[in-house]
Amino acid sequence: MNSITAIAAAPSPLEMGRFADQNTPLVRDCWYVAGFSDEITRDILARRLLGVDVALYRTLAGEPVAVRNRCPHRSFPLAKGRLDGDVLVCGYHGMQFDPSGRCVNMPSMPIVPTNANVRAFPTAERGPLVWIWMGDPDHADESLIPDTSWLASPGWKSVRGSFHMKSDYVAMHENLLDQTHFPFLHPGTVGTPEFARSKLDVRQEGDVIVIYRSLKNAPPPGIYGVPMGLMERRVDRFSEARFVSPALHTAYASVTDNEDPSGKAEVYRFNITHLITPETQNSLHYWWFNSRDRRLDDEAADEFLRSASEQAYLEDVDALEWISETVNADAEPQFDLNFAPDKPGLLMRRSIFERAAAQQARAY
Amino acid sequence: MKGQLIDVAVAGIRQLTPRIREYVLAAVDGAPLPRPAPGAHVELHTVSPLSGPVVRHYSLVGGAGLEDDAPDRYRIAVQREDRQRGSAHIHDTFAVGTRLKVSRPRNNFPLDLRDSRSLLIAGGIGITPIYSMLRSLVRRKRPFELIYTGRAAEQMAYADDVARLAGASGRLHFSGETAARHLDIRELLLRQSDDTTVYVCGPAAMIDAVHAAAGDLGWQEGRVRSERFTAGPSPDDVPFEVELRRSGRTLGVGRDTSILDALTVAGIEALADCRRGECGLCPLPVLEGGERIDHRDSYLSEEERAAGDTLCICVSRLRGGTLVLDA
Ligand code: FES
Ligand code: FES
Ligand SMILES: [Fe+2]
Chain A
266 MNSITAIAAA PSPLEMGRFA DQNTPLVRDC WYVAGFSDEI TRDILARRLL
316 GVDVALYRTL AGEPVAVRNR CPHRSFPLAK GRLDGDVLVC GYHGMQFDPS
366 GRCVNMPSMP IVPTNANVRA FPTAERGPLV WIWMGDPDHA DESLIPDTSW
416 LASPGWKSVR GSFHMKSDYV AMHENLLDQT HFPFLHPGTV GTPEFARSKL
466 DVRQEGDVIV IYRSLKNAPP PGIYGVPMGL MERRVDRFSE ARFVSPALHT
516 AYASVTDNED PSGKAEVYRF NITHLITPET QNSLHYWWFN SRDRRLDDEA
566 ADEFLRSASE QAYLEDVDAL EWISETVNAD AEPQFDLNFA PDKPGLLMRR
616 SIFERAAAQQ ARAY
Chain B
-16 MKGQLIDVAV AGIRQLTPRI REYVLAAVDG APLPRPAPGA HVELHTVSPL
34 SGPVVRHYSL VGGAGLEDDA PDRYRIAVQR EDRQRGSAHI HDTFAVGTRL
84 KVSRPRNNFP LDLRDSRSLL IAGGIGITPI YSMLRSLVRR KRPFELIYTG
134 RAAEQMAYAD DVARLAGASG RLHFSGETAA RHLDIRELLL RQSDDTTVYV
184 CGPAAMIDAV HAAAGDLGWQ EGRVRSERFT AGPSPDDVPF EVELRRSGRT
234 LGVGRDTSIL DALTVAGIEA LADCRRGECG LCPLPVLEGG ERIDHRDSYL
284 SEEERAAGDT LCICVSRLRG GTLVLDA
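First to last, the protein sequences are chains A and B.
Letter by letter, the first sequence follows residues 266 to 629 of my numbering.
Letter by letter, the second sequence follows residues -16 to 310 of my numbering.
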């Protein structure tokens, strides 16, 4: 009897690999964005990241600091305290913590307790972003912070925005790797029917999943054609999107205008940076940048790109929140169907699943 | 209060040097143990037939080389003291399968993740927390320098592993059988950059020397961090008795036991948190024997100590005889 149960319970060798979903433990050993650099100031900011409440501030020298937003004495949220120089002072009984989290004073005690630290999280600033490591601090190698150097490069101009979303980060990444929704969810901005039918290629480079496609002699998409003044032209298009890490998705697009009056082909490049940090298992923080390498000083282009991007992302926010509501409210489970265009999303979900399974589930 | 102890069993024993043995402790329920940060230690609770309950503090080594131990394991290294003390009890009686209890990790010696450069100095068995710091620095690719001193290579636990892990940034220093070849600490500190933080663990004399050298050089306090087990045993510790006058009970306190532990074992619940003479929760009123108290806490004021009518039962002891408590 027992052995039969055991055999029945063992996974079939034919069963496919496992895929992450909203219930998969969050990947913690990863650099995530804690906020735009200018969000982290001398005013203490409280933000929940990967389910943990974090207090973020800057030292007098300008370094970003992240500590648990919970006093080790009586759980008072430290962000509701104040800064005294670089020292964070708890608003309840005045315990003081230096930027490494060490207690440097407990006013109601005759001595400084040596074991009264608040957990500090490794942080690093790169251009307009502050990154944070919520996992095992021993593995917080700064060389693992993904490249976003175009956000700080003089050759590029960026517009940006941010959202809070009630959806999980796996669904968000899947949405970003899914271009077949463009003509339906974003008919006014990014979707053009010709592009949607062009062949999409997928490749996996380690943990990175790349999708790319190109189309010759086609009308440009409105989001780039309008601000660059190319709507009347036929152009060659190339686009590539990458799931870089659980924290980052980047999209690159180029539009080549072969009909430029100069007689030379003119290339317009765009980089879109999507930064995703789970707030909880079922909600996330989302920061985006739309960067271009042409017409850097064109304020009308700034405004157009900002509002068109915002509109498209708001459509994604709505869709993902509706899906999340449906999945979580519906009493009858459903196994979603997959089609060929879902391959990049499935590769990403497998990658996140494997990373989550590899990390140790431990208290700190 | 964070008194929660965890049941573990000895899962592996390895002789590292003639006097130092490594013990791998595994959670009895197989569940992951709390992840210790570099520099953390646990209290190890066991009972010696000779001196009763024994509580010792051991730094967590964390793994081997760059590898973490499995999540349900802790690794400690125990140096046998010369006398018949707690460590001797551990060496003599611990075998694979021996059950004991450990506390959650505590950290009085945290490695600052923000350090731009670290200097690690280990002396003898003081290598255990330094080893876990080294692993963290190597993994995070942080610049560091490491000096590990001991009399001779054969007496230095993990000497090969540490040297390999530290690579060109590490150095072993052999002081010789009579410990005559001293490490030149002043010279070592002098050539550090201004942004270096120093972590030192080892014999008290070495820790004092590093603090003194840093002081001489006008270094800002806080640039040298050290681990001292002030609550640790001293060779002169003797057993004594505690009479609890109100409850009408008398208990023996062994050489390796604190008053707090003796009370706990006897089923008497006393308030305590830090167990290292800092938090001030545990002091009890003394009725008799106050003149023989050896105060080892850092909480009570000089006047309170001199008055002899209270003591921190987690660390302070009696120089023999009977202590009468109002409890
Ligand atoms: S709760 Fe922060 S000092 Fe008491
Ligand atoms: S338990 Fe903290 S001083 Fe004794
Ligand atoms: Fe979309």
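Please keep in mind that the hints were generated in silico from the structure rather than gathered at the bench.
We treat Cβ as the ideally placed atom computed from N, Cα and C, and that holds for glycine.
Keep in mind that a hint or two might mislead.
[What the hints assert, rightly or not] According to the in silico footprint, chain A covers these stretches of chain B (three or more CB under 8 Å from chain A): (1) 9 to 15; (2) 145 to 155; (3) 188 to 199; (4) 249 to 262; (5) 281 to 288.
[To be verified] Per the computed footprint, the stretches of chain A lying under chain B, defined by three or more beta-carbons under 8 Å from a beta-carbon of chain B, are: (6) 363 to 369; (7) 380 to 394.
Looking back at the hints listed earlier, which ones does the structure fail to meet?
-> 1, 2, 3
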